[in-house]
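Asker: In case you want the letters, here they are:
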Amino acid sequence: MSKESQLRALVNQKLIEMGERERLKELLRARLIECGWKDQLKAHCKALVPDSVKKELLQRIRAFLAQHATL
Amino acid sequence: MKMEAMSLSGLDNTKLEALAHDIYSDLVEDACLGLCFEVHRAVKQGYFFLDETDQDSMKDFEIVDQPGVDIFGQVYNQWKNKECVCPNCSRSIAASRFAPHLEKCLGMGRNSSRIANRRIASSNNMSKSESDQEDNDDINDNDWSYGSEKKAKKRKSDKVFLRSLKQPVLLNPNSPRRSKSLKHKNGELNNNVNTDPYKYNYNSGISYETLGPEELRSLLTTQCGVISEHTKKMCTRSLRCPQHTDEQRRTVRVFLPGPSASTLPDVDAVVESDGYDVSDGQALMNRLQWDGSSDISPSDSASSKASTNNSDSKKPKKKKKPSLGLSSSGTGGTGGGTGGGPGTAGSGSSSQGVLSLPSRKKKPKLPAPPTPSIYDDMN
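Residue numbers (this note's numbering), protein chains in the order written: chain A, 1 to 71; chain B, 1 to 379.
The shape of chain A in the complex, shown without the other chains:
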């Protein structure tokens, strides 16, 4: 509904103007770090890389090292 989206836009604008958005962002960042969310997310993302993608990349790297053994 456009009125709602309009409303949202308006509210966001207000938030930014008054600097409140910035404050909220900082607060969120601090809290997420405190509770370890960021580290968890990092680990999770690393795990999320599918095996196939990982294997392919490792292959490429080994080939490169073999090629340029003397650095």
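Please note that a few of the clues may not be correct.
Claimed, not checked - Pairwise CB distance ranges (calculated):
| # | chain 1 | residue 1 | chain 2 | residue 2 | range |
| --- | --- | --- | --- | --- | --- |
| 1 | B | L19 | A | R31 | 31 to 41 Å |
| 2 | B | Q45 | A | I33 | 12 to 22 Å |
| 3 | B | Y24 | A | H68 | 41 to 51 Å |
| 4 | B | I71 | A | R8 | 46 to 56 Å |
| 5 | B | Y24 | A | A66 | 43 to 53 Å |
| 6 | A | K25 | B | I71 | 35 to 45 Å |
| 7 | B | D51 | A | L48 | 15 to 25 Å |
| 8 | A | A66 | B | V85 | 54 to 64 Å |
| 9 | A | L48 | B | Q45 | 42 to 52 Å |
| 10 | B | L19 | A | E34 | 20 to 30 Å |
Unchecked claim - Cut-off 30 Å, straight-line C-alpha distance, at most; resulting in silico cross-link-like pairs (DSSO-like, lysine-lysine):
| # | chain 1 | residue 1 | chain 2 | residue 2 |
| --- | --- | --- | --- | --- |
| 11 | B | K82 | B | K104 |
| 12 | A | K46 | B | K59 |
| 13 | A | K25 | B | K44 |
| 14 | A | K46 | A | K25 |
| 15 | B | K15 | A | K14 |
| 16 | B | K104 | B | K80 |
| 17 | A | K46 | B | K44 |
| 18 | A | K54 | B | K44 |
| 19 | B | K104 | A | K38 |
| 20 | B | K59 | A | K42 |
| 21 | A | K38 | A | K14 |
| 22 | B | K82 | A | K38 |
| 23 | A | K42 | B | K44 |
| 24 | B | K15 | A | K3 |
| 25 | B | K59 | B | K44 |
| 26 | A | K55 | B | K104 |
| 27 | A | K25 | A | K3 |
| 28 | A | K25 | A | K14 |
| 29 | A | K3 | A | K14 |
| 30 | A | K55 | A | K42 |
| 31 | A | K54 | A | K38 |
| 32 | A | K25 | A | K38 |
| 33 | A | K42 | A | K54 |
| 34 | B | K15 | A | K25 |
| 35 | A | K25 | A | K42 |
| 36 | A | K38 | A | K55 |
Note that these hints are calculated values from the structure, not bench results.
In this text, a Cβ means the ideal position worked out from N, Cα and C, and glycines have one as well.
Fit chain B to the given chain A structure using the hints.
Answerer: Here is chain B on its own, set in the frame of chain A:
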């Protein structure tokens, strides 16, 4: 931009909730984006895997908490007590002093050449001036030579100055060696002392403690001699030096030597006696010496009653010296005539003045004998 007036109060709760959630998820997306940027930077800079060190290497770099050692485990004053052996002179030198010592020892570095030049200059001066005096035996005496070396270092600048002015080097009337030769060479020394203040402007002082009584007297006849508060040295400028008043000079002359010391008015007397016959001038000077010394007394002591007389006549005395001289030469025994003499009672006054001086100094015997002889001469 056209703003439509929208009110949040019109919405119901669920809608408000939805709105709030939306705003929240926006913020979380931003946070994730931020994380992505951080990781990307870490990977690019190569510190992404740093948190994965193994336990063993973690142990190596643990914080150290022992006494006497910093948190890295290093000892702070490890080299404090170490001593090094100098390769040049084979002495054992403390580590912190090693570098400057090496500089001096090897003769390299900025200061060492300067010091060497100075030493050469001063040893040249010393050997030149004292080769014909009997101070050479001082050199053999260990104590003296040590002390003189130390003093020589301090007076070094005096000698260097004189050297540059191409003076005959007999500069230091105040060096301890001087006092031995002084008795024989009083006249010479006087001459040199006379020339010094006029020929060089180096305004160092002389420490009155090292002067013998004769040196002191000769100094005071020619130089200002006022002792500076901070350096405890005597001013070596002329008797009319603008830095010090006559009051100060009189004070010094009372303070330091015995009452037989020469006094300020000598300068004026010398200046003004040019107009008189030599004999009269001499007598005048002698007379004025005593008058001067009696003058000193009033300026110093507030207690002596005789001083009131004298203090009055202080200024008139200076101006009326010619008249004093004339009257003294003319009238002889009646002495000071008008205002010249302190107390103006002739020999009586001067003896009185002179006696007031020793009363201050607690040396009652001194000036009495010479006074009659002066008046005898004049008579």
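Asker: Could you grab the alpha-carbon distance between K55(A) and K42(A) and see if it respects the 30 Å cut-off?
Answerer: Judged against 30 Å, a Cα distance of about 20 Å means the pair holds.
Asker: Is the gap between the beta carbons of K25(A) and I71(B) within 35 to 45 Å?
Answerer: Taking Cβ atoms as reference, K25(A) and I71(B) lie about 36 Å apart, which means the hint holds.
Asker: Does K25(A) pair with K38(A) here, judged by a C-alpha cut-off of 30 Å?
Answerer: holds (14 Å)
Asker: Holds or violated: K42(A) with K54(A), Cα cutoff 30 Å?
Answerer: holds (16 Å)
Asker: Assess, step by step, whether the Cα of K82(B) is no farther than 30 Å from the Cα of K38(A), and give holds or violated.
Answerer: violated (53 Å)
Asker: Quick one: are Q45(B) and I33(A) within 12 to 22 Å, going by C-beta?
Answerer: Given range 12 to 22 Å: holds, Cβ gap about 19 Å.
Asker: Is the straight-line distance between the alpha-carbon of K25(A) and that of K42(A) 30 Å or less?
Answerer: Status holds; Cα separation ~19 Å.
Asker: Could you grab the alpha-carbon distance between K46(A) and K44(B) and see if it respects the 30 Å cut-off?
Answerer: holds (16 Å)
Asker: I want to verify a distance hint. Is the separation of the beta carbons of I71(B) and R8(A) within 46 to 56 Å?
Answerer: holds (53 Å)
Asker: Given the hint that K25(A) pairs with K44(B), does the C-alpha gap stay at or below 30 Å?
Answerer: holds (25 Å)
Asker: Checking one constraint from the list: CA of K38(A) to CA of K14(A), max 30 Å. Satisfied?
Answerer: Between K38(A) and K14(A) the Cα gap is close to 29 Å, so the pair holds against 30 Å.
Asker: I want to verify a distance hint. Is the separation of the beta carbons of Y24(B) and H68(A) within 41 to 51 Å?
Answerer: holds (50 Å)
Violated hints for the displayed structure, listed by number in ascending order: 1, 9, 19, 22, 26.
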